[in-house]
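Undergrad: Once you have looked at the hints, place chain D on chain X.
2 protein chains.
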Amino acid sequence: MYRTNHCGELRLQDAGKKVTLAGWVQKIRRMGGMTFIDLRDRYGITQLVFNQDIHAELCDQANELGREFVVQVTGTVSERSNKNKHIPTGDIEILVDDLVILNESVTPPFTIEENTDGGDDLRMKYRYLDLRRPNVKNNLVLRHKITFETRSYLNKQQFLEVETPILIGSTPEGARDFVVPSRMNPGQFYALPQSPQLFKQLLMVSGFDRYFQIAKCFRDEDLRADRQPEFTQIDCEMSFVEQEDILQMFEGLTKHLFKTIKNIDIQYDFPKMTYADAMKYYGSDKPDIRFDMKFVELKEAVSGNDFVVFDSSEYVGGICAKACASYTRKQIDELTDFVKRPQIGAKGLVYIRCEDDGSFKSSVDKFYSQDDLRRITKLFNAQAGDLILILAGDKGDTQKALSELRLLMGSRLGLRKTNDYKPLWVTDFPLFEWDEETQRYYAMHHPFTSPKKEDIPMLDKSTGDVRANAYDLVINGVELGGGSIRIHDSNLQNKMFELLGFTKEQAEKQFGFLMKAFQYGAPPHGGIAFGLDRLVSLFAELDSIRDCIAFPKNNAGRDVMINAPSAIDEMQLEELSIKLIETKS
Amino acid sequence: MYRTNHCGELRLQDAGKKVTLAGWVQKIRRMGGMTFIDLRDRYGITQLVFNQDIHAELCDQANELGREFVVQVTGTVSERSNKNKHIPTGDIEILVDDLVILNESVTPPFTIEENTDGGDDLRMKYRYLDLRRPNVKNNLVLRHKITFETRSYLNKQQFLEVETPILIGSTPEGARDFVVPSRMNPGQFYALPQSPQLFKQLLMVSGFDRYFQIAKCFRDEDLRADRQPEFTQIDCEMSFVEQEDILQMFEGLTKHLFKTIKNIDIQYDFPKMTYADAMKYYGSDKPDIRFDMKFVELKEAVSGNDFVVFDSSEYVGGICAKACASYTRKQIDELTDFVKRPQIGAKGLVYIRCEDDGSFKSSVDKFYSQDDLRRITKLFNAQAGDLILILAGDKGDTQKALSELRLLMGSRLGLRKTNDYKPLWVTDFPLFEWDEETQRYYAMHHPFTSPKKEDIPMLDKSTGDVRANAYDLVINGVELGGGSIRIHDSNLQNKMFELLGFTKEQAEKQFGFLMKAFQYGAPPHGGIAFGLDRLVSLFAELDSIRDCIAFPKNNAGRDVMINAPSAIDEMQLEELSIKLIETKS
Chain X
2 MYRTNHCGEL RLQDAGKKVT LAGWVQKIRR MGGMTFIDLR DRYGITQLVF
52 NQDIHAELCD QANELGREFV VQVTGTVSER SNKNKHIPTG DIEILVDDLV
102 ILNESVTPPF TIEENTDGGD DLRMKYRYLD LRRPNVKNNL VLRHKITFET
152 RSYLNKQQFL EVETPILIGS TPEGARDFVV PSRMNPGQFY ALPQSPQLFK
202 QLLMVSGFDR YFQIAKCFRD EDLRADRQPE FTQIDCEMSF VEQEDILQMF
252 EGLTKHLFKT IKNIDIQYDF PKMTYADAMK YYGSDKPDIR FDMKFVELKE
302 AVSGNDFVVF DSSEYVGGIC AKACASYTRK QIDELTDFVK RPQIGAKGLV
352 YIRCEDDGSF KSSVDKFYSQ DDLRRITKLF NAQAGDLILI LAGDKGDTQK
402 ALSELRLLMG SRLGLRKTND YKPLWVTDFP LFEWDEETQR YYAMHHPFTS
452 PKKEDIPMLD KSTGDVRANA YDLVINGVEL GGGSIRIHDS NLQNKMFELL
502 GFTKEQAEKQ FGFLMKAFQY GAPPHGGIAF GLDRLVSLFA ELDSIRDCIA
552 FPKNNAGRDV MINAPSAIDE MQLEELSIKL IETKS
Chain D
2 MYRTNHCGEL RLQDAGKKVT LAGWVQKIRR MGGMTFIDLR DRYGITQLVF
52 NQDIHAELCD QANELGREFV VQVTGTVSER SNKNKHIPTG DIEILVDDLV
102 ILNESVTPPF TIEENTDGGD DLRMKYRYLD LRRPNVKNNL VLRHKITFET
152 RSYLNKQQFL EVETPILIGS TPEGARDFVV PSRMNPGQFY ALPQSPQLFK
202 QLLMVSGFDR YFQIAKCFRD EDLRADRQPE FTQIDCEMSF VEQEDILQMF
252 EGLTKHLFKT IKNIDIQYDF PKMTYADAMK YYGSDKPDIR FDMKFVELKE
302 AVSGNDFVVF DSSEYVGGIC AKACASYTRK QIDELTDFVK RPQIGAKGLV
352 YIRCEDDGSF KSSVDKFYSQ DDLRRITKLF NAQAGDLILI LAGDKGDTQK
402 ALSELRLLMG SRLGLRKTND YKPLWVTDFP LFEWDEETQR YYAMHHPFTS
452 PKKEDIPMLD KSTGDVRANA YDLVINGVEL GGGSIRIHDS NLQNKMFELL
502 GFTKEQAEKQ FGFLMKAFQY GAPPHGGIAF GLDRLVSLFA ELDSIRDCIA
552 FPKNNAGRDV MINAPSAIDE MQLEELSIKL IETKS
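If you read the protein sequences in the order shown, they are chains X and D.
Residues in the first sequence are numbered from 2 upward in steps of one, following this note's numbering.
Residues in the second sequence are numbered from 2 upward in steps of one, following this note's numbering.
Among the clues, some could well be false.
Identical chains blur together in the list; that is why a pair holds if it fits in one copy or across any two.
Quick list of in silico lysine to any residue cross-link-like pairs, SDA-like style, CA-CA up to 20 angstroms [claimed, not checked]:
| # | residue 1 | residue 2 |
| --- | --- | --- |
| 1 | Lys157 | His257 |
| 2 | Lys217 | Gln195 |
| 3 | Lys517 | Gly119 |
| 4 | Lys510 | Ile563 |
| 5 | Lys517 | Phe552 |
Since the hints were made in silico from the structure, they are not lab data.
Treat the numbers as computed from the prediction; the structure is a model and nothing was measured.
So that you can see chain X by itself, here it is in the shape it has in the complex:
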């Protein structure tokens, strides 16, 4: 061992001890005849002291060290005169009497500090240096803790972690698979799993009862911001359970993680909200409930005043921004510009200011009397000083736009603190989604999702209204996980295929394998999967998942550090029985 202690552990009570440390040179300062070095390792920083008067030669040697040199020092722990209260080792320093350079370093391309001068591209290219920065390192420490505590909890609950294969078969539907040509089976391909869904359901057929896996999944999609071609899921499945059993189990997991990782003790049951209510009150299936500001539907209240925008709209709805009546014309124009951005897509914004004197000022004063406005603001329980913001248009689009406006106002009012966690179960998702283009229903979750028992009679007549035993865990507006109870009854499953427009032959071709397995005694079962990358970024209070992954890829799916993907040998292609198609680009 090259050290007796690491750089984060020595304290005042260690004063007088002879120790050996090893690490990286973070900083060198010369003051009078003294040289001070901050020595860094994974655990922290310890100050080293070299005294020109005592060890001239050693001090000269220290003065020639460069940033990021790897050194080993031996010396005596000593109380500091100038204590540093910002670091745990700030009460002590090491009076060095031996120094060994273990390795030199060329000058790094950016500073190894929390606030670095390195841009994103440079940091990714030298990710191995970026990972030395304490904040990036801490994200990975956090990720380790989260997976460790997840396993501890699930192990205690008798879940078994089972590895399912990475080299599987291509599935015909859904997002694009990555494929892997098989050398031993020319012309044939493996696919990388988009999730272990098939295998976890098979494990239930096998009787494994409580399965989980922290599993790598792969999706060859065009990468929007904050997507990665490979990502990690906490994938779980249980047998002999109903929806409520699954919610309880994984609410327990979530609380366990908050307690052990963040020391946040959530004593209450997570609130539940139906998908219908989530859309009605928040215009989103993943509402941020750190703040209230619920939608109020106004169609009825505003109709009949000859304001054609409202009268002709399918939906009119608004939110009440507390104490924002003082917003200037300019500030309101900004909000209008925000909702009119193409990504949001609203046509305009109507406001009502609840003035301190009890009067109202609105952009639609022309159509609505003071009494009308009082009646409307009452629906929001608005107080003097509040600002009502109203959008109108198609129901779906307007709710979505209003949701964005709500989130913006929440942020502006400081109601979305990253360390204030508000979990929520969203339940009763629709079983089907109607697709206008192909004029057919699609399964909103997947074709094995079970309808709610009481909705089964509606399958034929009100297909679109049938609710699923499907649920999402949402925290602070982020969908952290989702799952469903699966169909285990083959008659019901056949009915589903029929409603989804599959012929018997198509269903057989696409899902026959799992259907066959289900003939041999499939138990009632259901499950859930959590996005680990998002979970870590939520706990790390980050906006992006990128820095929660040790070696992420960029938006073009490239690892710029190792320069992958890249061309391969002609010979290798030949062995795989494939050749390239010349592209016209």
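TA: Below, chain D without anything else, positioned relative to chain X:
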């Protein structure tokens, strides 16, 4: 929840309780007016009783259940009159008063029993049913426990589990990579990692200090028996350590696993043996030291008696099989046939029987007097009743053949019990291997393996004799893990490349990326990786890794259950900018 208890937990003290169980019908027996059902779940078997006299209708219903039906029953726990001592729930049974069929089952293609009538191919095709068999299920439970305890131990030792990417770049040397065409980067390919070697060394450069990962690895090799295209490693790396630190840490892990999983308390330090001694005394770099039977080199002792086979051989060596002098001519012929098999490749076998009367009987009596034979057997410390078996020929081949013979004799003498575990560190592996064909040295482990400090002066003159800081953990003749201290000094690394015959340009092309990272302050580091599949099979006392993997592939790399790999759509190929080469087969 569909149940109050599982099928493995009810005991006599639960008698009188009302319980609900759910599971699979293992067996139905009718006796008089009673019907007995063995209900099975992951946790065990519980006997259900239906009484024709009490619940005639229920009993009729029970009689119509088939094997592997999924049922839910409610009833009262009751003491059995005929107790079954072979199962933990054998003291009780459930007097059923409610039965719900949760799912039916068609007749399974083989019996769901420890000793099944299903052949290997059928079992793999219906792996989801095979996994219901208690022995196969128990292997996966064991695998879960081993990974869980591995993580517990390493977490306690401040190791961080870091996920490294699965979509990486192709490496130019070594076994074949699986590759993945990139849709977004036409003509370019990712590769799947053969190990996280590169990334774990980068993490050391990043200062992560103690890394591990239970990592999927991939190798597109022709599959010999007991290899899988995807396999799992417990992959570890440490910084600021010397070889002895790594051996101690992972000896600790191994002992922790034996203690927590098998309840075997290994109090002693694992013995260490150099590679040179392993070859000299056991003819193998993974000696099975559950039994002694060391090789005795006889070249000197047997030369000069005009026995041309021995005189002309580079190597003559033998083993002493205790108390086997009574072997018949036929038995010895069998051994001779064994060593002459092409896989073993010996030309013949010489024996010396140490008779009870103190005389010797040998197949080479003609050349060796009784005194000669006494002198030879003394080298083995042979006793009356022992049998000496001798092989001669080229040193390497003969040692290998003698090693096989030793293992066979160990098995015959019952010295290789599967539950008798004898761990061993094999150390001081050669740094280089000479390849006759290409007339150059290759790195025995990999080009970053560090030579032993004291051997560095020999690098130029006695290259082949240089020993590495490389080590294997061997248990019962199985290589469970291996690793090395890495080179962190760039001068020494350049010297290595030179000795391996790389030009500066070649080294730059193949290893430049890692070498560049090493310029920024690489700490001294080293690591080890364990084969998880082998570790589980060792603990499960199995010969093969196949049944320690939930969904394994066959020797052609196929998953016969899901029929992967398989052909994919023309359109999908086109999107990936590749096409198939027609094969001539």
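Undergrad: Now tell me, hint by hint, if it's right for this structure.
TA: Hints versus structure:
no., hint, result
1, Lys157 to His257, "both (12 angstroms within a copy, 19 angstroms between copies)"
2, Lys217 to Gln195, "both (9 angstroms within a copy, 16 angstroms between copies)"
3, Lys517 to Gly119, "between (55 angstroms within a copy, 18 angstroms between copies)"
4, Lys510 to Ile563, "between (40 angstroms within a copy, 12 angstroms between copies)"
5, Lys517 to Phe552, "between (40 angstroms within a copy, 17 angstroms between copies)"
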